[in-house]
Each structure stands twice: as structure tokens, then as C-alpha cells.
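So the protein sequences, as listed, match chains P and U.
Sequence positions in the first sequence follow the numbering used here and run 1 to 230.
Sequence positions in the second sequence follow the numbering used here and run 1001 to 1767.
In short, the hints are calculated from the structure, not lab data.
Ideal Cβ placement from N, Cα and C applies to all residues, glycine included.
One-sided excerpt, in silico: chain U residues whose CB lies under 7 angstroms from chain P: (1) F1011; (2) G1014; (3) A1015; (4) A1017; (5) G1018; (6) I1034; (7) W1035; (8) V1050.
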Amino acid sequence: MSATEEEKKQIVAEGEPAQKHVPGEAAPEPGKPGTWEFLIAIPVFILGVVVCLFVGWVLFPAVLYCEKQQPIDFSHVVHQEAVDEGCESCHFFREDGSFSGIPKLENCSQCHEEAMGEHPEETRLIDEYIEPGKEIPWLVYASQPDCVFFSHAAHINMAELSCGTCHGSIGESDHTRPYQYNILTGYSRDIWGWNIAGIKKNTWDRMKMDDCAECHEEKGTNNACFVCHK
Amino acid sequence: MKMDRRSFIIFSLGAGAGITFSPLPWKLTDDMAIWTQNWPWTPVPPEGVVTHADSVCNLCPGGCGITVRKVGDRVTKIEGREGYQVNNGGICPLGAAGLQLLYGPWRVQSPLRRVGKRGSGQFETISWEDAIDEVVKKLGDLRVKGQASTVACITGLDRGTVPQLFDRFLKAYGSPNFIRTASAGDTYEFALGLMQGATASVGYDLERASFILSFGSGLIEGWGSPVRVIKAHSVWRSGNKKDRATLVQIEPRLSNTAAKADIWYAANPGTEAALALGLAHVIVKGSLYNADFVKNYAFGFEDWNDSKGQNHMGFKSLVLSKYSPEAVSKITGLSAKDIVKLAQDFAKADRPLAVWGRGKGTLPGSLYECMAVHALNALVGNINKPGGVSTRPEVATQAWPEVKQDSTAEVGCSKPRVDGAGSNRYPLTKCLPERWPKEINENGGTIQALLVHEADPFYTTLDSAAVAKAFDRIPFVVSFSSYMDDTAYNADLILPNHQYLERLEDFPTPVGLQKPILGLLQPVVSPQFDTRHVGDVLMTIAKGIGGTVAEAFPWDNYETVLKETMGDKWHTLEKAGYVEADYKPPAWGKAFATPSGKFEFCATAFDKAGMRISKDMDYLPHYQPIQPEGDEATYPLILMPVELIRLADGFIGNPPFCTKTLEATELKGNELFVEVNPKTAADYRLSEGQHAIIETPKGEGKVLVHLSEGIMPGVIGMPKGLGHVGYDDYLAGKGVNVNSLMGVVEDPISGLCATWGIRAKLTSVLS
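Assemble the whole structure, with the sequences as input and the hints as a guide.
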């Protein structure tokens, strides 16, 4: 049995789009469903921005850096008072011009062979390091990567920079601050700087190559690659 | 609100914008770049106090002074010692790579005893006490059984206190078999003994020579004391054209020395003696020789009559009759015109000097060839003269007390040596290190125990298959090596010596130097492993054996031996790191201790030594071809080893730093190249980079072919120093050991190895 004419028309009508746009007719009026969807897009976009800003600025640094405590809580203030030659009393230049860096246990032992006071950190220093003759595994905030040749003599003795130009006020600290390091590179956080955006206010806030280059530029020093990358 | 596709895309766009304005991508990019530069296996120099310490390098007989840079107790660099008389601040690639020998994985870290089959490389760690006990027991048993003379010892040098301790040990123990690795220096010493009556090494005043005629010596490839010779080469090359020295190289291959020479003559290999005599012919015929020297201080130049009135041929008659430029041209392949010109240029130069010793001088070579070259020096009167050649003694030291031998020792030492040196056949030769495997394999010679110190006979002795066979017949092999070299790898027991940077020892005058200088190896770094000084170990073994063997070593330790031996020189030696002797070669009137009291072109010392010389010509330097082994029909080509300064081929394995410097036409992966002339390649259908099998009467190996116009057609050049079985993956299994393809051709007079090449064939194979 074949379909009637009416049934055929019905089938054709159902096959056509519900709102077929016919040229010459007016666009849908405001208040209809299409306009509402456009508005809802704005908060969704903002949500995406906010979430990722949070991830980038807060979560990422928290995940990227791990924290360690120094083996001994060292007071620069106490030691500065006890020595005569300031920083160079312990961080000195060797006879050949090389820099001693962080003092070795031998340096500490010169005064702390036996306890000088009753501070618990000093007791720990003697019990855990001096008596067993074990070097203190200091975590070096300013340690530069191995591909960099850095001469303290060139900067302190020749260019006459002060220690603080790069190291800030560490010489005035009463406690060691936590050491943070990058889990990907292993570098100390002081190299990139504590500001995750890399923004610096002081010369000692960052120790990246650009910072070295900036100072070399200002002072008119050679900025060629081989100056630092031998 | 539902998160549909559209919302997700919009959220992602927002996220993208948010991330862009956060430090995450920028910081992460930076960190990732840094991360790739900090692989955990990248070696990092340590930080700490930098110090420098002076010592002497003993990796070759060159004996350069070195300055070691240390950070804390870690050696970080080895440099040439400034002001040192031998090398004055220079260093060779091997010396600079000495660090890898100190810290490399091939160090023997404690005494080892073989547990697997010999050569399997399976060892167990044992204590020093057990190791020494084992040696004491074995040597003690052999002595009790009356087999003391079956113990042999092979060392790298025979001068210096440590080799002398080994010699003394054998004397007290009862064995004549103190064997030392041979070199071109041995043949030259032999020639000096015959022609000048001297018991001394040869010294060349290279720096002051103005015309250097090199008979195949690799002057910038490690010949002599390598850095010293390279520096002398710089002196020859400095100054303006008029002042520059002239260097003429005779060699079948365009080596670096040949490439740097003013003139390079590719004479047929093995015909150097004929060429030297051809030059002598021109010099004599043209009266270009030093008439004063020849007339007043030389014997055997003219024909002469012996005490019985019998007339003998002199050098002049010989060269004039047999070595005309035309005749020599036929032998050597050089034109007669070139021979005449070369002879004239050489004789007319201010300070001409002919040097001898093929390649690095590691093979002893032909005695008559050496005598022919030395005769050239005599003709131009440069003996003991500035820019010439001289005899050079050692720095005098305190003699040790005479060894008291018991009857066992006396009987043992009176027996013939296992290598045949000092026998009626070879009365003037001290050691024949290439000969003992043949004696063991073919002539019933016996070695029950072999002690090896700073030598790698398993690797360096020619005809490796025969050496391995001989090793199989030695029940007890002890190595004192610091490294797992090929001999140590095939030893039964390894008692590791401190490495050269870890120990105290004297170093005799470097080879070829004209001035006596004694250097001091100093412990610049503390021993890295459970090793002991070989001098102390040897004395402990002697004391364990007891009796007169123990009494021969009255010292507490090696340091005492060294101090007592140096006597009043010790203070200077300790302070300066070396002692120089005030030595000036004697004037001609007093220089020669031959039977005639003169320089002898005609070596009558043969008679004195009881050697039966039948023909007049055999007293004189003459061309007696040393034929390479193999028949020409089967082996139409000739294989010659090529020695490179970047490839150590002695008792030290090539360190990775040096192996890295080998060119892609020398070593590719584990495959070694042989160098052939394109003409030869065309004859055998070989092309560049193609695999081939090289076969000689002694063995075969798979190699790659490198075509070079710089090698004579018909000659195959093969780098020497690869194909080790010991050491580690950085060296073992790389290439083919050229020594395994070579055989020993004995010099008829000295018995030393006169091999310069071997017949070979090259067959192409599909890759």
C-alpha cells in the first residue's frame, strides 16, 4: 500500500531544517537561546584564565622547588662580631688567588675544637662534624653551574665589587634560611631568584647569565661567551 | 551549567591566556634547557684547593717531566713540566691522557687470582698475604726441586732501581733469565759496542743538527723521547730559510714526518742499509768525508793487514766496489742522481746527522743497517760533536752490595738463558725478548714461572699465536701490572703495582738524550686502590723464600733502596725532581775503547767476542737484506706496521682520549683500516672503505681498506697499537693487533728481531 499525498508532504516537512534561514528574512531577536550562550562564554573564559594563573604563579613554584634545611643553623651575626677581618676572615683568597668559598671543617675547628659556649647548634657541630672529622655538607645558595667559570678574584680584587653586590645581606643573617632547589635542574633557587617571574629589585636578587651580562655591559667589561664559558 | 564542547574550548582558550601570563612556560623552557646540560653522568671537576706537584711520566721511555694539577686529592690535569731538561713544558697525547690510566676502569684494584680458564678474564680477589704466599710457595718449591733456572722475568726497562731489583732477585734466586723488552736502542747499543767499544746508549744532539737524514724514524710520531724530538723539530723549522735545518726522510710511506720533511724519498722498504752505503760511496769517492777523523781516529776505513800479515778489505773498498749510485738505485728504487745529490748535501752540511730506528723505534731492526747509518755519521765526523751523535752514560749511582749466591743460585745462574742471549751464537746480546717463545715452542726451552713487570709481552711480542702457545706451556705467570693489560689478563696471579702517579721510583735517562739525567717519579696522589709498590712486594717475596735470597735484600723497604742508591744525590733528586750529570762526550782521542783504540768501521770486536766471522765483508757495515717472511707467490704484498703518536703500542694500552683522536680512516667503530695505494687496490679490486681479509704467514684479520697515494704500491700500512684482549670496552676488541700478523726474523749477528715487515695478501670480502 503506497503513502497518501498528505503523508508525503509530512515526510518532506520533517526532512527540512527546523529554522531554515531564508534570505531576506530578519535575524533572531535578542532574548532567544543563541545570545545567552554567548554571555556564559565570558565567565568560562575567565575561569580558564584564573585557574591557569593560579597554576602558573602558585602551584608551579610550589611543585618546582623543594626545600632543605642547612645542616647547622649558622649565625653570621655572631661570627662577624668575633672576627677581625669581616667576610674575608672565613671566605678568603688562597695564595694562588683562588677563592676558598664555604669554609672547610678545618676552619671551624680552629675555634670550635672545643665548645666556646652552650648553644645547642655548636654542640651539634662538635658532636656530629668536628669530632668525627666529617666535612659539613653545606648547601650553597650561590653555587653556579659547572659550565660557568667564575673568578672571585676578578670581581672582588680587580673590579672591587663588594660581597653584597651578589650575595646581598647574607653576612648579616642570624639564622640560615631554608635552601630551595629546582627539582628539574638541581640549581639553587637563588640563581633564578625568589621571584618566580624573575623580577629583581636588587643586584643580588638573581644570578642568571643575563644578570652577569647586564653588569658586564654597564661596566664595559668583555661580554664574550668565553669570558665565563671556557 | 553543563560543560559542553563549546564551553571546553572557551575554557581552554582562557587557560592558554592564563598560562601565557604566568611564569610557567617561560621558566619551564629555561629549566628544560638547563636540565639537558646536567646529565648525571657528565663528569664534573671537583672544587677545592688547587695544588701542583712535579713528577716524571713513565708511559714510554721518553721520561718527560710532568706537573700534575690537583684539586684536593683529585688529579685534574697533567701538563709538561716547565724547565725540565727533556720536554720543557711540552707533553704528548699519551702523557696528557695519563689521568685516564689513573682513574680508568682497567686498573687492577687488588691482588687477583685466576679462577676460570686462562684468558677467560675470570679472577677472584685475594688478600696481599695470600697472593705473596702463593708466589713464595711456588718459587720456593721450584728452587727446592732444582728448577730455579726455569724462572724468568720480563721487564720494560733494565735500567733504574726497580728493574735492577728484579735482576738482583733472579741472581740471588738462581736464574739467568732476566729479559727486558727490546727496541732499536738495543741494536744501536750493540753497534756502539762494536764500532766504539762503548757500553752506553746512543745520544743525539738533535737540537743543534743542521741536516737531519732520517732512515725511517718517525721523528714526530713518537721516536726517541717524543716531546723532546718534536721540540727539536720545531727548532729545525724556526728561523729564516737560510738558518733552517734540512730534514730528509727515507720511508716507504708518507708519514707525518715525511710530510713535514724538506725532501721525502720513498726507498724500497728494507733497503735502507744499501742506501746508506750508497751515500757513503758518493762521500768517499768525492772525498767529502772528514779526513781528520777518518785518518787519525778511525780503523778499517782503508784495507788493513792483521797480525798474521793477512790483508783485509776496508770500508772504503767495500763501498766503492759494491755500492755505486747505479747499483744502489737498482736496490732502493731511488734515482742515481738523487742518491748523489743527497750524499753531497748531507756531507756538505754544517752539522749533518743521520738518525736510525724505524717508526717509534720499538723494533730492534738490522744490526748492519744500524752500523751503515752510524758509519755515515762517522764519515762526516759528527761523533761526539755538537749536532752529532754520541755515547751517553747513565747518572752514576751507588752500587749495591754484591749478591751472595748459595749453591742453588750458582748452579741456576750458570745454566743457559732461555732466550739464547749470551750463548756462543749470540755472545754479545743481553736479552732476546722476541726469541723465548720460539725456544719454548720448538727447542724444548722451559719456563716454569714467569714474572712480568711493566711489560706486556703477550701483546707486544711478534707472532702472537706463538706467544700464546708459549704462555700455555708456562704453568705460573705472575703480573705486577697496575692495569688489566693483555699479559695480566692471561696471568695466573696479578699483584698490582701502584700506578706511576702513586709511587716513588727513579727513571733513567730518556732514550736518545745526549745528556744523562735521572728523573724521579713521585707519589703525587695517594693510592686509589689496594695496590702495593712492586719493589716492596718483590722484597717481601725474597724474604719469604729466605736464605741467601732474603739476605740479598738487606733493606727495610723500597724507599730505603732508592735513597741508598742515590747516595748524596738523593737530596737534590728529592728537591728538584731530577739529577743531571755533568757530562761532555770525550774527544776523539779518548772516545773509543775498541781493540784498535779507534772508531772501527771494521768491527774487530767480533773476534774478541769469539764470534766466527768468515768473510771480510761481515766485519763491515754492508747490505744484507732481511727478507720478510712468506713466499711472494702466495703473499704478493708487504705489510708494514704504522706507528702513530696518537696510538700507544707498548706496554700501555691506548687511553680513550687518544683513541678518540684516531681518524675515521684509521679506526671506524671497532674496525681497523689498512692503508694501500690506489694502484694496489686496483690490482686486487679493492675500493675505499671496503672490507678485506689481510692474511700473512702468521695470521689473518678482517680490516677496512683506505686508499692513499702516500704509500708505495705493493705495501700495506697497518696502525700498530690496537687489537687488545685485555683492558676494557674502550680498547679491547678494537681493530686487529698487527703483532699477531708479524713474525720474528732474527738478525744473523745480534739475534734481535730484525723484522720490518712481512709478506701479506689482501682479499676483498663482501661487507
